[in-house]
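For the protein sequence lines, the chains are A and B, in the order given.
Note that my numbering gives residue 80 to position 80 of the first sequence, counting from 1, and the numbers run on in steps of one.
Note that my numbering gives residue 35 to position 35 of the second sequence, counting from 1, and the numbers run on in steps of one.
Calculated from the structure, these hints are not laboratory results.
Honestly, I wouldn't trust all of these hints.
Said to hold, decoys possible - In silico BS3-like cross-links for lysine-lysine, where the CA-CA straight-line distance does not exceed 27 Å: (1) A:Lys254 to A:Lys202; (2) B:Lys212 to A:Lys111; (3) B:Lys374 to A:Lys173; (4) A:Lys267 to A:Lys253; (5) A:Lys111 to B:Lys465; (6) A:Lys125 to B:Lys374; (7) B:Lys135 to A:Lys111; (8) B:Lys359 to A:Lys128.
As the structure is a prediction and not an experimental result, all values here were calculated from the model.
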Amino acid sequence: MNNKTILSVENLTLFYRMSNAVVRAVDGVSFSLRAGETLALVGESGCGKSSMANALIRILPRNVHTYSGTVQLDGTNVMQLDDDDFRETVRWKQMSMVFQGAMNVLNPVLKIGDQVAEPLIIHNKVEKHKALHEATDILGTTGLPDDVIERYPHELSGGMKQRAVIAMALIMKPNVVILDEPTSALDLITQANIMNLLKDLKRELSLSYIFITHDLSLASELSDLVAVMYAGKLAEVSDADHVYAEPLHPYTKKLLDSVPTLRTDKKPEFIPGAPPDLSEPPPGCRFHPRCPFAMDICKAKVPELKKQNGDRLVACWLYDKEGRA
Amino acid sequence: MSAPPVGFKALLRDLTKSRAGLTGVSILLALTIVTASVVGLYGYDVVTKWNDPFAWFENPRLAAPEWSQIFYQKRLPKTIMLRESDFIRSEYVAGEESLKYVNLEGTFFYGYDDFPSEINLLISGTFGEYRPLVKIQWIRPDGNVVFCTSQVLENRNASIFISGDDRVRENVVDFMFAQGLTPDPKRVVTQVALFAQIDEGMGDPTSARVLKSDSSGTALPYRILVQATMHGYNETISAKLIVYGKLYGLAGTDNRRRDLLIGILWGAPVALAFGLISSVSSALVQTVLGALGAWYGGWTDELIQRVTDVYLVIPFLPVLITVSFIYKLTIWSVLIVLVVLSLFGGLTKSTRSMVLQIKEEPYIEAAVSYGASKPRILTLYILPRIMPYAFANIVSSVPAYVFLEAALSLLGLGDPIVPTWGKIISEAYSGGAVYYGFWWWVMIPSVLVFVTAAAFALIAYSFDKILNPRLREE
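When you get a sec, could you build the whole thing from the sequences and use the hints?
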C-alpha cells in the first residue's frame, strides 16, 4: 500500500487546565496516516488516547489550556479553521468518530433511523424521508435489517447498537474514521463480529481508521500501523507486523509481555509502578521511572521520535547514538 | 427493570394497567365528559342565569337533594306547582255594571310527612283603571275553610306570599281561635298551620302533625280558591300556586333558590381548566428555563438561577391575595397572575440539576461531534428526556391549583361571576350552611374538589411508578 498521505499530524498538543495544575494529556504528538491504512493507537488507560481523538475531531472541554499543532487533513491544515468552519467542513464529512461505549452514544428518545440520519439532516439539510432512505442503506451495509430504523435504542442488543453507531459515523462518507474503543463492553463473539464488519467496511469504502484501543491483540487484527502512546507522548510507531515480533521501545515490550497467552506456562507480567501524573510528568523520558533499562540521560533529556530499522519510529535513548555513548 | 415507555400511547397503556391509574383516568374521563356536556348543553347562558336573582323563584330555598330522602325517616315534601292551566276557572259577568267575577280553584294532594317550606301565590291580570279585588280561601281535606286574605291587586303581576304575609298569618290565627284552640300568635307558622291536623300544637312546626290527603288517606285534596272581582268583562286574571318543598334536584338549592347542580357542573370545567392551564404552563416554562440555563451555562444560567432564587422567596399566596384584592380580578386574570408568579420555581432548579447530568452523557457529546447545533440538541436530545418528569410534575401539581382556586374563593377573592366550587363553598360558609346543617351545600362541592384532586394524585402516583423504574413492581 503506497497511497497518498491523507492525515498528517504535527506536534499536536492538548493541555487541560485544572484548579492549580496543567494536565499534559497530549504533548507534541506527530504521525501520519495514508489513505486506506489503519493506525492503532494503543496504551494504558489515562495515557491520552481519547484526548488525542478529541483533539483530532475538536470536541474539547471548557478547561482547555493549550490546543496547538497542525493537522493536515487531505492537504488542508484544519487547525486553522474556526469552530463553525470546522464543524461544517470537517466533522463527519471528512472525519467522523465512533464513540466509546455504544450503549450510551445513541439518544434514547430518538428512533435509530432518525438518529443515524441526524448528521445528514444537520449538515446537508436533506429532507427527512431522503435522509431516512440513506440511513436504511448504510444500516444495511453494517448488517442491520431495514426495520431497525423504526426501533428505539433500548430495543437493540449491544452489538446492534454498535453497528448503528458505526453506520452513523459512515453516513456522510468520510475518509477518516476515529474508532474510540469501538468494542469495549461487548462480549467476545460480538467483538469479533464488529471487527470483521470494520475490516469489510474498510475494504469496501476504502476508509482510513484511527483505532484507539488498550487491547494489543485487537489492534493486531485491524491495524497496518501501531502507535504506542505513553503519558501523552508517542513511544513507538511501527508497522503492525514488526511491533509484535520485535518491539523496540521497552514500554512496548513490557506491554506485550503483560498480554496473557493461551496454552503456555508463561505468566503475564505487569509493569511495576503506575502511569505518571500528567500534571507533573517526570523529566526526561516519561517512562524512565518504570523502565528496567533506564540510564542517566533518560532522566535528563526527552528522547525524540526517530527513525530506526527502516520505517519504524521510536522515542528511546537506547536506539540513539547519544544515548549509547 | 424495563425502560420507561416511549410515546403517549404507551404511557396511557401503562397507566391504565395499575388500579390507581385506572381509577384516576376514569374519574378524569367522567369529569371531562361532564365538562363537555355542560358546555354543550347549557352554554355560557347559565352563568348569566346563575347570577340572575329572578331566574330561580320557582325553586325551594335551601332544599336538600332528592336522593337524600333515604337518610330521613319521614317523607320530605317536593315542590308542588299549580300552573295557570291547572286551575279550574269559572267566571260570570254581572249585568250593566260590567262587574266580572272570576273563580279560580286549584286542587292538589299532599301526602308527605313534613310541612312545605314556603307557599307562594302568583297572580297576574290585565285590568284598567279600577283594580280587581282578590279573596283567597284555603280549603282543607277535613272540610275546614281558612280565609287567607282579601286584597286589591296592586300590580299586574302580584305575588301573594302566603307563608310570609302578616295578614294571612293573622287570619290563620283567627281560624285557630275559631276552632277553640289557644295558640300563641307569635309562634304560629302559616304554612305549618295550613297543612296541620287541628289540635293544640298545629301552629308550631315542632309539634304539628301533617293532615295528609293522599289517595290512601281521606282522599280529599287540598284546595285553594281565588275569587276575583273585576271591573270590565274583557279583564283577565290567572293564578299560579307554588308550594315549596324541602327536596330539590340532584344537588339541592342554596339560599338564593339556585339549583346547585348547575353551579357544581359548571364548576367542573372551571376547576379542570384552571388547574390544568396553570400547572401545564408553569411547569413547561419552568422546565424549559431550567434546561436552557443548564445547557447554555454562563450568564444565561446565572441569570435564570438568580431570578429563580428571587421568585422562591416571594410569598406566593399573600402576593396573589393582595393583587386580587386590589384589582378585583376574574378567575382568568387570577390565572395569568398565577402563571406569572410561577414562571420560575422549584422545577427550574430540579430540571437544571437533571440537565447538568444529561449533558455529560456520551450521546450529547456524539451529537456535538456530528455537528448538531445547541438549540437542536436542547430540543431534540435534552428536552425529550426530561419531559416525562415535567409531565409527572404537571399532573401532581394540578390538585394544588384546584385547591388554590377554592382557597382564593373561600377568602372572597374568587371570580365574581363564574360559579366555581370554591365560590359555592364560600357562599355556603357565609350562608351559615355548616351551622344550620345544610350539608349538601358544603359537602357536594367539597367532595368534588377532593375527587378531582384525588384523580390527579392517583395518576401522578402511577406515573411515578411508570417513570421511575426503581418503583416498578414487576
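Status of each hint after checking the structure:
no.	hint	verdict
1	A:Lys254 to A:Lys202	violated (31 Å)
2	B:Lys212 to A:Lys111	violated (77 Å)
3	B:Lys374 to A:Lys173	holds (24 Å)
4	A:Lys267 to A:Lys253	holds (15 Å)
5	A:Lys111 to B:Lys465	holds (24 Å)
6	A:Lys125 to B:Lys374	holds (16 Å)
7	B:Lys135 to A:Lys111	violated (87 Å)
8	B:Lys359 to A:Lys128	holds (25 Å)
In the structure shown, a violation is registered for the earlier hints numbered 1, 2 and 7, in ascending order.
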